[in-house]
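**Q** Sequence:
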Amino acid sequence: MTNIKKISSSLSKIDINYSSNLPGAIKILHSNIFPKYGKGSWLFDNNNTKYLDFTSGIGALSTGHSHPHIIEAVKTQVDKYVHSPQQIFNIHEASNKLTPSLLKIMPSKTLNSIFYVNSGSEATDNAIKIARAYTKKQNIITMKKGFHGRTYGALSVTSSNLSCKKNINPLLPGVYFSEINNIQSFKDILTYNTSPEEVACVIYEPVQGEGGIFSLEENFLKEIHKICEDNNILTIADEVQCGFGRTGTFWNIEQKNVIPDILTFGKGIGGGFPIAGLVGNNSVLDNIGTNFLGGTYGGNAISCSAAIATIEIMNNEKLLPNVIFMGFYLKSEIENLPTIKEVRQYGLMIGIELYNPEKVIEIVRELNKRNILVLICGNNGQYIRLLPPLNIKKEECDIFLDVFRELCINHHI
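Note that my numbering gives residue 30 to position 30 of the sequence shown, counting from 1, and the numbers run on in steps of one.
To be clear, the hints were calculated from the coordinates, so they are not data collected in a lab. Fair warning: there could be bad hints in the mix.
What the hints assert, rightly or not - Listed below are the simulated SDA-like cross-link pairs for lysine to any residue, each with C-alpha atoms no more than 20 angstroms apart in a straight line:
hint : residue 1 : residue 2
1    : Lys394    : Asn371
2    : Lys394    : Glu335
3    : Lys222    : Ser108
4    : Lys129    : Pro170
5    : Lys144    : Leu172
6    : Lys331    : Thr55
7    : Lys318    : His69
8    : Lys359    : Cys408
Said to hold, decoys possible - Derived CB-CB ranges, DEER-like:
hint : residue 1 : residue 2 : range
9    : Lys144    : Asp79     : 42 to 52 angstroms
10   : Ser195    : Lys369    : 53 to 63 angstroms
11   : Asn47     : Lys75     : 21 to 31 angstroms
12   : Asn257    : Ser283    : 16 to 26 angstroms
13   : Tyr329    : Tyr37     : 26 to 36 angstroms
14   : Asn356    : Phe89     : 48 to 58 angstroms
15   : Thr290    : Pro100    : 20 to 30 angstroms
The beta-carbon is built from N, C-alpha and C at its ideal position, and this holds for glycine as well.
Please take these sequences and the hints and turn them into a complete structure.
**A** If you want it as structure tokens, here you go:
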């Protein structure tokens, strides 16, 4: 007879060993979950427990887990070839198909040259390199509460989470942080900290993600862009988290009526596969020196195929209207609950601020116990962050709302 207790004990040991293989420097939000498979908005763990996933791979799973169109595209590509380095061979078929598809959804035809990398952090680092090389200037202005990645260059322009930067100085020199939506703060930097003649670029998230879901206002960005245009300073819009439909338009800067010199993208574009990049004008990217850009896996064929399929899903399933409707629906149901101070909602990029921020981790854990997964954000993890798939259904939103409402009202959280 099978010894069930012995098997359960063995599985438990496997789980513990698996968890212990991860470095302690990785802070795991939902450490009780060992993912086994996912489908749509749902994640299943090693016990086949079903969770409603409002984390979406920190926004990377824009069309949910294992969308069949993406899976089919990847399987087809695997049978052809897996990898073709972009600085060894000329453009491969998958990249050749993806690039015009991406350029077609860009907010301006001036953004006409794409360089592919693997992560948002790499995109940030390369954007900074390009700006410094092109302008032949060094200094950088960025925003307080901003987050641009975990590599050295990206961390240098990040301020939303100081724990990511602890004990690793010196970072890049010549970086200055402006208050968001405060043009005087920005101008003061150019008056008291560095002259415009020394500034290579300004980098910003149109909607800050890790910092707490704060949107940069249209007039603020327009004034910054005007100053930059007048002083040969490149503007870099980091759309890694807020881009690719997350806020209801393909790119959030479309809502702000500004066009950056460089736009960085990542996360949701690959449907869960690692692909990111930057797009700028060829007058910039063709004039920074030969052999300036590169990388072994950038523009990987499998990831490019996944990105092509993701764009097709966005268009064929008309997900942008769904993002707008579901985002407003979630906000309207949450904002009047008694424990809620504010809901910052931009499409399906949502930050929830409680009157008592110390209760945030408690409510995240209680949601986990009730099979719902959410994120946190803010420099102290003081806000709840929702990043559901862009194809989330109303009945799935209602499942979240029923549990969240009950926690807020009956548990006095």
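**Q** Quick check: does the Cβ-Cβ distance between Asn257 and Ser283 fall within 16 to 26 angstroms?
**A** Holds, at about 22 angstroms.
**Q** Lying within 42 to 52 angstroms: is that true of the beta-carbon distance Lys144 to Asp79?
**A** holds (49 angstroms)
**Q** For the pair we were handed, Lys331 and Thr55, check the Cα-Cα distance against 20 angstroms.
**A** Within the cut-off at roughly 17 angstroms; holds.
**Q** Mind checking the alpha carbons of Lys222 and Ser108 for me, to see if they're no more than 20 angstroms apart?
**A** The given pair, whose Cα atoms are some 16 angstroms apart, holds under the 20 angstroms limit.
**Q** Determine whether the Cβ-Cβ distance between Ser195 and Lys369 falls within the hinted range of 53 to 63 angstroms.
**A** Given range 53 to 63 angstroms: holds, Cβ gap about 55 angstroms.
**Q** Starting from Lys129, check that the Cα of Pro170 is at most 20 angstroms away, please.
**A** holds (18 angstroms)
**Q** Need the status of pair Lys394, Asn371: alpha-carbon distance at most 20 angstroms?
**A** holds (17 angstroms)
**Q** Could you see if the CB distance from Asn47 to Lys75 stays within 21 to 31 angstroms?
**A** Holds - the Cβ-Cβ distance for Asn47 and Lys75, about 28 angstroms, lies within 21 to 31 angstroms.
**Q** Is 26 to 36 angstroms a correct range for the gap between the Cβ atoms of Tyr329 and Tyr37?
**A** holds (28 angstroms)
**Q** Per the hint of 48 to 58 angstroms, is the separation of the Cβ atoms of Asn356 and Phe89 within bounds?
**A** holds (57 angstroms)
**Q** Under the criterion that the straight-line Cα-Cα distance not exceed 20 angstroms, is the pair Lys394, Glu335 satisfied?
**A** holds (17 angstroms)
**Q** When you take the CB atoms of Thr290 and Pro100, is the distance between them in 20 to 30 angstroms?
**A** The hinted range 20 to 30 angstroms holds for Thr290 and Pro100, with Cβ atoms some 24 angstroms apart.
Of the hints listed earlier, there is not a single one the structure fails to meet.
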